[in-house]
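Chemist: Sequence:
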Amino acid sequence: MIIDIQDHLDENSSVDIVPAVQRALAACRTADHPTLRFHPGVYHFRADRAPETFSYISNNDSGVRRIAFPLVAMNGLTLDGGGAEFIFHGRITPFVVDHSSNMVLRNFSVDCDRPFYSQGEVVACTAQSLDLRISQEEFPYRVEGRTLYFTSADWMSLNDCSWLITEFDPRTRAPTRSMYYYPIKAVSIAHLDESTDKWAQLFTSTEPEPGVVRLHYKTPWLHTIGNIVTISHEKRNNPGVFIHESRNVAIEDVRLYHVGAMGVIGQLSADITLKRVVVATRPGSSRIISAKADATHFVNCEGTIRMEDCQFDNMLDDATNIHGIYSRISRVAGKDTIEAELKHFQQYGICSYRPGDRVAFTEAQTMQTLAEGVVAEARVINARFFELRFKAAIPAGVCSGFAVTNVTRLPAVVIRGCRTGNNRPRGFLLSSNRPMLIEGNTFYNSSHAIHVSGDANYWFESGPVRDLTIRGNTFLNCGYADGAAPINIRPEVPKPQEAKAGYHLGIVIEDNTFISPNPNLLTAHHVDGLVFRNNRVKVSDAFVPNAAGKPPVQLCGCRDATVLPCSPA
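Using my numbering, the letters of the sequence shown correspond one by one to residues 37 to 605.
Keep in mind that the hints were calculated from the coordinates and are not lab data. There may be inaccurate statements among the hints.
Unchecked claim - Here are the computed distance ranges between Cβ atoms for each label pair:
1. Trp191 with His75: 23 to 31 Å
2. Phe579 with Arg318: 21 to 29 Å
3. Gln590 with Phe381: 31 to 39 Å
4. Phe579 with Arg169: 21 to 29 Å
5. Gly118 with Arg169: 35 to 43 Å
Virtual Cβ for every residue (Gly too), placed ideally from N, Cα, C.
With these hints in hand, go ahead and build the complete structure from the sequences.
Modeler: In structure tokens, the structure reads:
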């Protein structure tokens with residue numbers, strides 16, 4: 037059944053279409069397999085009258101969000117934008133797909149009237165300050181009492197998080213080489229992230245002349261005059277599309293020109309497909325940043341995550357990150373029960389466990405899995421703590437300090453025909469025990485193109501890889517900024533000398549083409565059964581080498597590896 041947005045407009049809809057969207061969605065909820073249809077044109081969405089709810093969104097910041105399209109408890113909806121442009125004003129989350137199934141979002145673009153970051157041209161830099169020429173029209177601001185506030189018609193920066201400084205080359209619109217990003221802060225953020233708080237420099241601000249802002253702090257290096265510096269001054273509050281506990285969700289022919297956090301974030305969901313999704317700045321725009329965090333991110337999802345013919349450019353984080361969550365056992369509460377804690381503040385509120393799920397008990401210092409258990413009952417205590425009761429007794433040796441992760445709720449992955457780069461810092465981050473195929477993609481990232489990790493001590497992102505094929509891809513000058521290998525397989529193992537087996541298994545890297553100024557192509561730690569074969573390499577003259585002397589393949593703690601030399605491309 038067709039539900040036409042035109043039938044729900046009123047005299048205010050040209051200024052704010054959010055109320056009309058709520059009326060149209062109400063009609064969709066009473067229809068069988070509805071299609072909500074838009075028409076070509078520009079539609080404005082404002083936060084003022086948007087419905088709101090509190091959300092925990094993994095790897096983003098929790099809180100109350102106002103939502104333009106709350107697609108909650110729906111089945112079989114197709115939202116067809118008809119080529120429309122959706123412009124969002126203020127702190128508003130465009131799409132939430134929650135407890136829904138068989139959903140399709142297609143044929144529209146998303147942008148913000150004022151981006152959730154600011155940028156300026158470097159006009160001076162010393163060891164004690166950085167001067168930026170900032171357009172008041174594009175990135176409005178004011179300086180009051182040595183405090184810098186970025187503003188819009190709807191919001192003002194809050195100085196409630198670290199601000200990320202990133203330097204870009206205006207010619208290539210890509211991050212510059214060497215050390216190119218770091219955090220600064222106006223106030224302490226130790227209560228949120230002690231590690232970042234220690235890294236971030238305290239700063240104050242002045243305005244030596246109209247349109248020029250001077251940031252006073254100890255600069256870690258001298259920024260290049262004429263380059264562009266971006267300042268990320270908002271928390272990760274408003275992703276483009278948030279998918280929660282939903283199944284069979286497809287996003288097709290959608291362009292995300294700018295969003296205030298991640299482009300697409302899916303958690304505790306199954307079978308998500310992205311086809312011809314573009315996360316990149318609007319053609320012709322002076323803006324440098326598309327998504328203020330990852331282009332895509334998937335946490336404890338099931339089924340298959342599929343991305344085909346997508347483009348992910350100019351994000352302030354990775355193209356995708358697919359993983360589970362490690363929690364730390366805080367106490368053994370009984371012979372068959374543990375209490376566990378979510379350790380990273382951006383994972384609070386995400387309890388992925390259901391009866392019947394398999395759980396791995398992992399020693400956090402060696403990253404060795406001692407045993408598995410099957411969940412009989414999961415009970416949430418609060419946002420940080422939960423209890424798991426198992427169908428059998430807790431295995432001997434498992435104690436507080438061990439990590440636990442859900443090894444049932446992880447996806448198969450297919451990423452094919454995608455392009456990604458010009459971002460800080462990496463391409464695809466992959467951690468799943470299901471089959472994963474990365475085929476026919478093109479990478480031009482400033483750091484690693486593919487990163488395979490596993491960490492139970494800081495990011496707490498699981499888990500071990502068991503079947504990963506990286507085939508037929510092109511790696512173009514990847515790692516140009518920091519000299520990193522295009523492919524990096526490096527789980528965080530604090531005591532590797534005590535590990536009795538590799539953390540990852542079954543990784544095959546074949547038939548790829550590496551075009552790079554640097555000789556290092558692959559770094560692999562703690563992998564059993566690694567295969568590197570039939571790959572080609574060509575020396576690039578696009579950059580001066582910054583990793584000279586490194587071997588093409590560097591292995592550490594790997595067993596039964598097969599590594600064959602590359603042929604000329």
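Chemist: Kindly indicate which numbered hints from before are broken by the structure, ordering the numbers from low to high.
Modeler: none
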